[in-house]
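Residues per chain, in single letters:
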Amino acid sequence: MSAWADVAAITAKDLRIEWRARHAGSVIVPFVVTLVVTAGLAFGPGISLLRQTAPGLIWLTGLFAVVLAARHAYEVESADDAVTGLLLAPIDKAAVFAGKANALGAQLVVLQAAVIGLVGLLYGLPPGSSAPALAVTVVLGALGLGAMGSLLGAVAGAPRTQGSVLPLLVFPLAAPLLLAVTGATAGAFRGVFAVQWLSLLAAFDVVFWSLGILLYGATLED
Amino acid sequence: MRGPLRLAGRLTGARSRRSLGRWALIVSALALVGALVVAPPDARQGEVQRLLYLHVPTAWVAFAAFALVFAGSVAYLRTGRVHWDRLAEAAAEAGVVFTGLTIVLGMLWGRAVWGAWWTWDPRLTTTLVLLLIYVGYGAVRHAPDNPSRSRRWAAVVGIAGFVDVPVVHMSVVWWRSVHQPPSVLRPGAPAMPPAMLLVLLVAVVACTVVFLWLLATRMAVRRLEDRLVSAVLDDRVPPRTTPARARG
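Protein chains in written order, with the numbering used here: chain A, 1 to 222; chain B, 1001 to 1248.
If you are wondering where the hints come from, they were derived from the structure by calculation, not from laboratory data. Hints are not guaranteed to be accurate.
The calculated SDA-like cross-link candidates involving lysine to any residue, where the alpha carbons are at most 20 Å apart (straight line), are [what the hints assert, rightly or not]:
id, chain 1, residue 1, chain 2, residue 2
1, A, Lys93, B, Ala1112
2, A, Lys93, B, Gly1080
3, A, Lys93, A, Phe31
4, A, Lys93, B, Val1074
5, A, Lys93, B, Val1229
Computed footprint of chain A on chain B, listed as stretches where at least three residues anywhere in the stretch have a Cβ under 8 Å from a Cβ of chain A [to be verified]:
id, region
6, 1130-1139
7, 1152-1161
Beta carbons: idealized from backbone N, C-alpha and C, even for Gly.
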């Protein structure tokens, strides 16, 4: 199979597992909704402060979501030692990384779109928000988070860590992405393409996808 | 690859460490005299500006340490030689110390100049984030039961974490910040009088030598730890019996 076919196969496998397990629906979505509502209680009820904090809150939920999703993705692989099958399969480890990153990214796109809708409903999205700018921001942000989750999620599979190290790694490493994507989202809410932030976000995505393609094999080896 | 390893072996030897320690003391004393006596006070900030001669060198050395973590991590993943892992681990630990020092000194300076201990200034904030990344690096080292796996994961984190280093420096340019723009590393001549620049350079050399001494000492300790673990394992693994003895 070609590399692209391998990537597509891994992506489809992970998405199929997620669809059947409904982990995102039963765990991540309720958690994210709770987070948005709780933040509204903590920072509200004044609409202006809620609108100011909305871009940051949207992507904080994204960070929490990618930690939960990546941890689950690798726990599934660890069950019955399925990861050995991945190691022994005649496919490039970079393709495994890309497939898993795509699957995580796709889940995050759907989730972040839903979070933006929820935040718009509860916090009042400002008039004049740009849907195309939001869409580009969400896709680029999800791509970056998906790459990070795929690369670092393997750490969550180790028995002793029990996934406690994954947030400690993801949150600081995602800081440049968080700054860029929050700025881009705030720009989108003002109805503009925040080119500077989107460029930084795209550059970050390129860097982490490149790191993942180069280093993923090292995280899987025993 | 053997050349740098031999050099590292010589630098971590007892004699080299003692020599590095002596030089660290001498150059640090020179830097201290320079910072407190030779360099003139700043025209606007006064005496508190002398924190520059410790804050800036610790920041540069911290970033250099994380560059060493990156180089050691790449070399370890490519060669599998444990000496590179020792270098990366030692550099990360020293880097955490110097980054912490940078942040504390920055807070003291900020308190005096900006009137606040912490302002969420982008540069200070991203330096704090860098500290957290390398704390995470340390956590990864202690997490899995398999030492080989922890070394590889730490190498991956060390490489990924290094991505953040240029962002810290460029954040002053990319984002509006209350932090002072870079005075030395910027296009054109540094915006400092020659006496201040000289003392700053001496202070950078002093911090670098202290860092190298810490690095050499930590690498030597880690080598002894590895030997101890090997010796304990060798004792516990029973010798293989020959077929003749087994039949007897």
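Against the structure, the hints come out as follows:
no.	hint	in the structure
1	Lys93(A) <-> Ala1112(B)	violated, 52 Å
2	Lys93(A) <-> Gly1080(B)	holds, 19 Å
3	Lys93(A) <-> Phe31(A)	violated, 32 Å
4	Lys93(A) <-> Val1074(B)	holds, 18 Å
5	Lys93(A) <-> Val1229(B)	violated, 32 Å
6	1130-1139	holds (count 6)
7	1152-1161	holds (count 8)
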